[in-house]
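Listed below are the residues making up each chain.
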Amino acid sequence: MPRPKLPLPGFISEFGIPRLLIAVFLVILFAVAVATHMDLRGLISDSIVRVGRNGILVLALLPAIQGGVGLNFGLPLGIICGLVGAVISLNAGVHGIAGVLAATGIGVALAIPAGAAYGWLLNRTRGQEMMVGTYLGFAIVSMMSVFWLLAPFKNPTLVWAIGGRGLRTTLSLGGIYDKVLDRWLRFEIVEGVWIPTGTLIVFGALCFLVWLFFRTRMGITIAAARSSTRFARAAGISDERTRVQATMLSTVLAAIGIVVFSQSYGFVQLYTAPLLMAFPAIACILIGGATVTRATIGHVIVGTLLFQSILTVALPVTSQVIQGDISETARLIIQNGMILYALTRVGRT
Amino acid sequence: MARGGPEQGRVARGLIGRGLLRHAVPILFAGLCLFGILVAKITPPFLLSEMFVRISRNSVLVLALLIPILAGLGLNFGIVIGAMAGQIAAILIVHWGVPGLAGFGLAWLLATPVAILLGILTGALFNRAKGREMVTGLIAGFFANGVYQLIFLFAVGSIIPFHSASMVLPQGYGLRNTVDLGTIQYAIDGLIPLRFQMQGVEIRVPIVSYAVIAVFCMLTLFFFRTRLGQQFRAMGQDPHVAAIAGIAVERNRIVATVLSTVLAAWGQLLFLQNIGTLNTYSSHEQVGMFAIAALLVSGATVSHATVGQALLGTVLFHTLFVVSPLAGKALAGDAQIGEFFRVFVAYAVITVALVLHAWQSARAAREARAETR
Amino acid sequence: MKGVSLSVREGEIHALVGENGAGKSTLMNILFGMPVIWETGGYGGEVLLGGTTARFHSPAEAMEAGIGMVHQEFMLLPGFRVAENIKLNREPTRPNPASKILGRTLESLNVPRMRADARRALDSVGLGIDEWIPVAGLPVGHMQFIEIAREVDKANLKLLIFDEPTAVLTETDAEKLLEIMRGLASKGHAILFITHRLDEVLAVADRITVLRDGEIVGTPDPKSTTVVRIAELMVGRPAAVVAQRRFFAPATEPVLGIEHLSVDMPGERVHDVSLAVRRGEILGIGGLAGHGKLGIANGIMGLYPASGRVIFDKALFSLNEPRMALERGLAFVSEDRRGVGLLPEESIELNIALSALEAHGRFLHPFPIPALRVLEQRALRTHALEMIRALDIRTTGPSQQVRRLSGGNQQKVCVARAMTLEPKLLFVSEPTRGIDVGAKQRVLEILTALNRDHGVTLVVTSSELAELRGVSDRVAIVYRGKIAAVLPPDAPDADFGLAMAGETAQAA
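Residue numbers (this note's numbering), protein chains in the order written: chain A, 1 to 349; chain B, 1 to 373; chain C, 1 to 508.
Chain A extracted, bound-state conformation (with noise of 0.2 Å):
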């Protein structure tokens, strides 16, 4: 049965309608808060912020769909391992940018064989691959929550003050390396509009990395397999190995980004807090522009950008109409509804 389609001008149809309703609502948000004076320039401050916070956790999903594999539902597999690094670190007493790194080089080494066994098992669970990650990564947090509880660290900034056993649900990182990132060249544009640089050059040069990988051997091979199975067998290019690849890059930038994350945040978060995180992160590249089958540097940054924002001047904007807290809500409704839009539309153009 052929459905009629709405004759709709090239560019909206090009652009997409969800992104098109999203970009509408952000403007009256701004809008909203133009009229109503409030502090402009702390919420394009936040947003930027957050903007640098969250960027590599959405920038790892772009090596899984570049890859073929899809929509990294399974990035709090990525994400433990940067949590196991911080934690391992900070038990150390590593502190600042030394921390950072420690963290990093911890986080990278675990995701790099966690990445590998993730993407042989998505190599065996081909067409499933979002519902066996999903549950993976359920499975992988609830599993290093009872992990949190054994776990043999002993540094008293971490553990339970009463009792002494298992880490805190959050560790402050006041004093260790709250914002090293953030803070590093920090500048402000105009008054009240501060750059985190550090964070954004980090967020930055991972981008630009990305970009160049997909664009030597290895990476064109990873992408060339991705747009056809058969097309890559025929190259002789293994399309298991490649997808493989993917999924350990994305699983490894996972980990770094969560590592930057909680700098910036000031707070690693343990226990259930990466369970969901995958979601927005995927309606972030989503909103950008990617689909399903592909997605860019460019997806990932004006993704991050416009979701972001939202979730910054929801909160402040809605609260002087009404009380309580709707950006929770916003959140829920945009970013599952952006996932929805996009399962639907697999297969098509």
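Because the hints were derived from the structure by calculation, they are not lab data. One or more of the hints may lead you astray.
Claimed, not checked - One side of the interface only, derived from the structure: several residues of chain A facing chain B at Cβ under 10 Å:
hint : residue
1    : Leu71
2    : Arg124
3    : Arg126
4    : Gly127
5    : Leu136
6    : Gly137
7    : Phe138
8    : Met144
9    : Ser145
10   : Leu150
11   : Thr272
12   : Ile334
13   : Gln335
14   : Asn336
15   : Leu340
Don't be surprised by glycine CBs; every beta carbon is placed ideally from N, CA and C.
Based on these hints, arrange chains B and C on the given structure of chain A.
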């Protein structure tokens, strides 16, 4: 025949081995429960009293999963949406102040059209995301949760007129975090209560609730043997062949989703009348995960599940649910560990089932390709 | 498909023959109301059934009207029992209280009647198996007869379509099936029989219609025609020769020696092919669809499991290693443009460069560590522009997505990629399939020029015999997975017809 001794023995051993393998999941799980019961020194009366209640309130939600599996939609993570329909009805009857069995009946009636509507929407969504129904159902549940929050946290009392001081937040709109369902509590459970003492512990058996569950089991079994059930079964095996045979696959997929959503709404109401309070914003959230994990621990799969498995799974999973915090406390001196552990088990069981299913279907696809050669 | 008219009378077997792509499946899809017809634009003209116009929008409507079909792939549910399959969606039912309120679909299954009906249907096709065992695990032949039993069981069956029913059967089973077809026809059913096996057509058909390129090209009388004559009709007469070829002296040394090659390519299986390709020649490979002509190139390039002994360039060539094939200097323009040949989402320049980049590391910036060498965009662009000019690829620019190109230009991109590999030997399969007439000519010219000017040995596989005879120095004809004959392109039509029907193999 006389010389068949050793041969027969091997066959028999093979059968036992295969039987064990086929039932590995429930056997492993039963072992885990037994281990927990032993280390936590849980007494049979305590366990029985807990289990009678938990089985009565969870079984229908698990049964709600069977029909979509039959129709090839996989595990319906969208039953969360059905649970929301049930809760909407529960909120309304408390608002109108209809108590007791009448209130429960009214809630049941109200929930039905809401669930049908939401089921049609979900089913249509599934039709647009073929092959990805499970992840779509999961995300649709999250999305519906956002809309539900928007309605009950912001629209109720502001846009929608709703003025029960006891239910609305002090600011004048938005529902409180809990709604007291005291007026319909035990509306079904308490109809023919059976109570008896066992080693000093009072055990209550809600006879009518069990009767309701029995009726739903029978209806499901009856449905499997109807023409529509046969159509669903055919679709579940191969939608293409079913379509060639003239079965309206897309329409039937929506019907299956609707049936599941309605059953989930009723199941959630049965659950709530036992609990007696509604956590407005969280009662529904874990419904899908717990029901699905319960079904899967019985050895059911993404593509095959029976009524018996639904019941067995409910028993096993909720035994673990009762036992694991106590076992955690007995083993590590911390109930928290047991709580984290049972959540881990729920997720792990689902993960393993999904992996096995995806693994098998990927292999089946490879073999099918090989066969056409 | 255009201007096709045919009729089937009650009690008659009407055979429909034609190459793949001749329009047989389109006709079937129309008759059976398959949704694909309506999704791709519907059809003109009309279908008359028993004198009234019928227009089926779904298989259900077609079945209702009395059309039955035995499909090429099995339309059986392996997990269902035989009787359940036979009665699928036509189950006898009993009313119950629920069905009285909620409608007929909730009636209970009447299992004893299902079994009895199925038993009767199975007996009528002479299949003695238990009707209550699962279909999974039954032999292929049994499944085919269950399919027929299912159609026979339909009370209102008027027209029964057999879509290549014998393709998967053993010889004995195939004979039994033909027997049953005759039996059904004698009971008054009209039968439309679609097949590639021409001897079967002659054995059972009352009338024959030959389709080619969507048109009827002949209705030979089965009593007086021959297999050769039908084969000629199917492949068509040679058109004008595309380019005047100089014919090679047979003394040229072989560059590729194929001995006892077998390829496990579904639908195009190759059994024990031995063939020598001479350096600098254009070798054509022809034959009817399904006989394995496409399997040869696919097998050597490592796309499907292959076995045998292959010598390339005087050294042993290892099969089943696509990478090795590229590195040794072979290249392949696949018949499956969209699946194997192109990355439709990617740019023209990347598509052209990709294989050479993969196999030889071309188009990368020099850097000491190979893994860190980055794409050299400028070299990529320059090369793409060169190819676009040389092959006359009509495009808005080298960064255009390949899927936006027409079929002919896509094919040129495929050729450009193969050329970029600078191969010693190039396999080209179905070079002109699905592209328009003007582009066809151009693609063939490019290929012959490649051979003439650059000395690339070509192996061209095509369903269009005329085309093969136009460009090749020699034409090998494949029949049932073996080489039936290697003929000069100016050999008489009858020789080609005979080879395609497998007659020469037996005669010689």
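Going down the list of hints, with the structure as the test:
Interface hint at Leu71/A: satisfied, since its Cβ lies 9 Å from the closest Cβ of chain B, which is below the 10 Å cut-off. The closest approach between the C-beta of Arg124/A and any C-beta of chain B is roughly 5 Å, which is under the 10 Å cut-off, so the hint is satisfied. Among the interface hints, the one on Arg126/A holds; its C-beta lies about 5 Å from the nearest C-beta in chain B, closer than the 10 Å criterion. For Gly127/A, the interface hint holds, since its Cβ comes within 10 Å of a Cβ in chain B; the closest pair sits about 6 Å apart.
For Leu136/A, the interface hint holds, the least distance from its beta-carbon to any beta-carbon of chain B being 5 Å, beneath 10 Å. For Gly137/A, the interface hint holds, since its Cβ comes within 10 Å of a Cβ in chain B; the closest pair sits about 9 Å apart. This hint holds: Phe138/A has a C-beta 4 Å from the nearest C-beta of chain B, less than the 10 Å allowed. Residue-level restraint check for Met144/A holds (minimum Cβ-Cβ distance to chain B is 9 Å; threshold 10 Å).
With a least beta-carbon distance of about 4 Å to chain B, the hint placing Ser145/A at the interface is held under the 10 Å criterion. Interface hint at Leu150/A: satisfied, since its Cβ lies 7 Å from the closest Cβ of chain B, which is below the 10 Å cut-off. Against a cut-off of 10 Å between C-beta atoms, the interface hint on Thr272/A holds, since the closest Cβ of chain B lies about 8 Å away. Interface hint at Ile334/A: satisfied, since its Cβ lies 8 Å from the closest Cβ of chain B, which is below the 10 Å cut-off.
Taking 10 Å as the C-beta contact cut-off toward chain B, the hint placing Gln335/A at the interface holds, the least distance being around 8 Å. Using the Cβ-Cβ criterion of 10 Å, the hint placing Asn336/A at the interface with chain B is satisfied: the shortest such distance is roughly 4 Å. Residue-level restraint check for Leu340/A holds (minimum Cβ-Cβ distance to chain B is 5 Å; threshold 10 Å).
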